[in-house]
Amino acid sequence: MIAVECVTVGSTTLFKAATLRGLSFYVFVFYTYAVATLVLFPLSLILGRSRSLPSAVSPVFFKIFLLALVGYEHSTTLVRCRL
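Residue numbers (this note's numbering): 5 to 87.
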């Protein structure tokens, strides 16, 4: 949780600094996703799992829904900062 908070504060600070210097919101989002892809894709190849995926039961779907909701809320927070 502490790492998530640090990343959130860091991205918000970078967003404010970038927009004050005239960077477009959409360009910032593109750069953010590009950096995330460049970091996470190689890590997924290196740290790949050797065991099979868990069965698709209700708790797994609930966890996926919860993670999607948190990610959506983080994205809408960035949009609200823009307004």
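Hints in this document: simulated from the structure, not taken from any laboratory.
Heads up, the beta-carbon is just placed ideally off N, CA and C, and yes, glycines get one too.
Some hints here could point you the wrong way.
[Claimed, not checked] Beta-carbon label-pair distances, calculated as ranges: (1) A40 to F69: 35 to 45 Å; (2) A38 to V61: 14 to 24 Å; (3) L18 to V64: 32 to 42 Å; (4) L42 to T12: 37 to 47 Å; (5) M5 to A40: 18 to 28 Å; (6) V74 to T41: 12 to 22 Å; (7) S59 to A22: 16 to 26 Å; (8) K20 to G52: 32 to 42 Å.
Inset, instruction - Output the numbers, in ascending order, of every earlier hint that fails for this structure. - result: Hint check: 1, 2, 4, 7 fail, others pass.
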